[in-house]
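S.K.: Put together the whole structure using the sequences plus the hints.
Letter by letter, the chains look like this.
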Amino acid sequence: MDVTEILLPGVGVRYEFPTSSGDRVGIVAKRDREFDLVRYGGSDPDAPETLLTLTREEADAVAEILGAPRIVERFADLTREIPGLVSGTLEVPAGSRFDGQPLGETRSRTLTGASIVAVVRGDRVLASPTPAEVLRSGDLLVVVGTTSGIDGVRKILQG
Amino acid sequence: MDAFLLELGVILLLLAALANVAGRLGLSAIPAFLLAGLLLGEGGIHDLGASTSFIEVAGELGVLLLLLLLGMEFSAAEFAASLRRHTPSGLVDLVLNAPVGFATGLLLGYDWQACLALAGITWISSSGIVARLLSDLKRTGFRETPSILSVLVLEDIAMAVFLPLLVVVLSGGTALVATGNVVAAVAVVAAVLLAARLFGHHLGRMIGHGDDEQVLLRVVGVMLLVSGLTYLVDASAAVGAFLVGLAIPQDAARRARGVLKPLRDLFAALFFLSFGLHTAPGELGPYLLVALLLAAVTAVTKVGTGMFAASRDGVGSRGRARAGAALIARGEFSIVIAELAVSAGYTEIGPLAAAYVVILGISGPLLAKYADRLAATRPDPAPTP
Numbered sequence: 001m002d003v004t005e006i007l008l009p010g011v012g013v014r015y016e017f018p019t020s021s022g023d024r025v026g027i028v029a030k031r032d033r034e035f036d037l038v039r040y041g042g043s044d045p046d047a048p049e050t051l052l053t054l055t056r057e058e059a060d061a062v063a064e065i066l067g068a069p070r071i072v073e074r075f076a077d078l079t080r081e082i083p084g085l086v087s088g089t090l091e092v093p094a095g096s097r098f099d100g101q102p103l104g105e106t107r108s109r110t111l112t113g114a115s116i117v118a119v120v121r122g123d124r125v126l127a128s129p130t131p132a133e134v135l136r137s138g139d140l141l142v143v144v145g146t147t148s149g150i151d152g153v154r155k156i157l158q159g
Numbered sequence: 001m002d003a004f005l006l007e008l009g010v011i012l013l014l015l016a017a018l019a020n021v022a023g024r025l026g027l028s029a030i031p032a033f034l035l036a037g038l039l040l041g042e043g044g045i046h047d048l049g050a051s052t053s054f055i056e057v058a059g060e061l062g063v064l065l066l067l068l069l070l071g072m073e074f075s076a077a078e079f080a081a082s083l084r085r086h087t088p089s090g091l092v093d094l095v096l097n098a099p100v101g102f103a104t105g106l107l108l109g110y111d112w113q114a115c116l117a118l119a120g121i122t123w124i125s126s127s128g129i130v131a132r133l134l135s136d137l138k139r140t141g142f143r144e145t146p147s148i149l150s151v152l153v154l155e156d157i158a159m160a161v162f163l164p165l166l167v168v169v170l171s172g173g174t175a176l177v178a179t180g181n182v183v184a185a186v187a188v189v190a191a192v193l194l195a196a197r198l199f200g201h202h203l204g205r206m207i208g209h210g211d212d213e214q215v216l217l218r219v220v221g222v223m224l225l226v227s228g229l230t231y232l233v234d235a236s237a238a239v240g241a242f243l244v245g246l247a248i249p250q251d252a253a254r255r256a257r258g259v260l261k262p263l264r265d266l267f268a269a270l271f272f273l274s275f276g277l278h279t280a281p282g283e284l285g286p287y288l289l290v291a292l293l294l295a296a297v298t299a300v301t302k303v304g305t306g307m308f309a310a311s312r313d314g315v316g317s318r319g320r321a322r323a324g325a326a327l328i329a330r331g332e333f334s335i336v337i338a339e340l341a342v343s344a345g346y347t348e349i350g351p352l353a354a355a356y357v358v359i360l361g362i363s364g365p366l367l368a369k370y371a372d373r374l375a376a377t378r379p380d381p382a383p384t385p
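Order-wise, the sequence lines are chains A and B.
Here the first sequence is numbered in the working numbering, starting from 1 and rising by one per residue.
Here the second sequence is numbered in the working numbering, starting from 1 and rising by one per residue.
It is worth saying that the hints were derived from the structure and are not from the lab.
Treat the hints with care, as some may be off.
To give an idea of the chain B side of the interface with chain A (calculated C-beta under 7 Å), a few residues [to be verified]:
1) 142
2) 314
3) 318
Which bits of chain A does chain B cover? Going by a derived footprint, with three or more residues having C-beta under 8 Å, they are [unchecked claim]:
4) 100 to 112
5) 126 to 138
C-beta atoms are modelled at their ideal positions from N, C-alpha and C, and glycine is treated no differently.
M.R.: Have a look at this one:
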């Protein structure tokens with residue numbers, strides 16, 4: 001899919017893309033993290049119709065409903081604000097001893113200090129999983145911590 | 001002391017009421033504050049007593065904060081992108097709008113230094129008013145919006161060179177001294193921008209503290225220090241504040257903007273008020289007609305600028321008209337330039353600029369709002385496929 005990105009100096013960024021149903025959709029991501037969803041194609045080709053205006057929290061909720069990529073991006077953003085904090089995505093490898101085990105069994109936070117903040121399974125995202133959440137091989141774990149902490153979690157998952 | 005507190009309290013409440021009314025009408029508060037200043041003070045309906053000296057000092061701080069935040073408004077990436085895509089629009093902006101002000105000054109028989117100030121006043125749109133307008137009219141998603149914003153960014157860059165040059169020129173002296181000063185000013189600007197590039201991340205780290213109080217005190221401290229230094233070397237304090245704003249890297253700027261905005265709003269309001277206070281309404285008379293004509297001509301030249309910029313982005317005719325009208329408003333930059341000229345002794349610029357900004361600060365947003373309908377009465381000659 002082709003997404004055009006247009007810089008709006010002092011305001012934010014506008015993303016624009018056509019949908020297969022024939023609409024041309026624009027998303028304005030403002031610097032204060034508010035979002036406008038617009039649709040082009042009225043009588044004036046340059047003046048879109050505003051469909052929705054979302055606050056930061058509402059946009060986060062929509063993103064969580066729509067899929068994983070944004071979640072990962074949000075943590076990437078968080079880690080940019082706090083020096084030393086990084087995030088990564090780790091896969092539970094096939095044949096891992098934690099396949100079918102609850103998340104708590106990995107004791108990853110106790111051992112490494114890094115937190116598993118989301119589990120991405122297929123097209124579903126489990127944000128803030130509890131220790132009782134059962135892992136499966138192929139799950140993607142979004143981990144936030146220090147670089148060595150994330151490496152530690154990778155070793156645990158492989159071991 | 002009691003009189004001072006009472007007077008200041010009444011003034012701030014008055015400003016709040018004016019800004020509220022202006023906002024309801026879809027207008028900017030800047031012309032409202034200027035009008036309040038014109039009506040109060042010397043020769044106005046009520047002469048301020050106890051609070052005058054405080055408003056003066058607060059106004060000086062207001063200019064610094066205003067320019068600091070203007071400098072912080074855009075990131076290096078946004079500067080680069082606008083330069084890449086819209087340099088011709090920036091040149092059209094300069095060539096269409098600045099000469100009108102300069103020529104008007106010459107016709108009125110002003111010194112060429114004052115003419116240069118007037119050129120700056122007619123050249124620069126109000127990024128504050130325009131940005132607010134785009135968001136109030138919900139036009140951030142419109143296709144001409146990037147063109148409009150790019151013109152504002154380029155004007156911002158141009159100011160980094162124009163303001164120091166103007167200050168040097170206004171300070172006068174022989175041709176040799178002036179040339180030397182111009183060279184010195186350009187060197188200072190280049191040095192600051194280079195330093196920002198090399199050490200900006202240190203500045204960013206120093207400012208990017210977790211605590212709002214720390215961010216506030218540090219940014220204002222750095223701003224005052226640099227402003228004081230540029231004031232000592234005969235450049236203006238305002239120029240220093242603007243350069244500090246440009247030098248702060250974007251991540252730190254985002255944080256600092258949030259903390260400083262309320263402070264800026266308070267002091268900038270008092271700056272516009274104090275600018276108006278210097279002018280008695282009676283003095284405006286002889287300048288009104290000139291200001292009206294100048295406003296009419298430079299409104300048209302700005303529309304030309306906006307249409308040119310939007311056509312570079314392939315926008316249709318109605319969008320081009322909207323882009324043109326959106327840029328008409330003049331505001332804070334024009335008043336800052338006028339203030340520099342007035343404090344250098346070219347007092348005739350004061351009332352003219354006040355009248356000019358009041359006219360375009362009010363009519364600009366109104367024209368921007370209805371440009372669409374005016375343009376819609378004509379058929380679109382070349383519908384985009």
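S.K.: All hints, please: hold or fail.
M.R.: Status of the hints after comparison with the structure:
At about 6 Å, the closest approach between the beta carbon of residue 142(B) and any beta carbon in chain A falls short of 7 Å, and the interface hint on this residue holds. Nearest Cβ of chain A to the Cβ of residue 314(B): about 9 Å, over the 7 Å cut. The hint is violated. The interface hint given for residue 318(B) is met, as the beta carbon of that residue sits about 5 Å from the closest beta carbon of chain A, less than 7 Å. Coverage of the region 100 to 112 of chain A by chain B is violated [criterion: at least 3 residues with CB-CB distance below 8 Å; count 0].
A stretch counts as covered by a chain when three or more of its residues have a beta carbon under 8 Å from one of that chain; for the region 126 to 138 of chain A and chain B the count is 0, and the coverage is violated.
Checked against the numbered hints above, the structure breaks hints 2, 4 and 5 and satisfies the rest.
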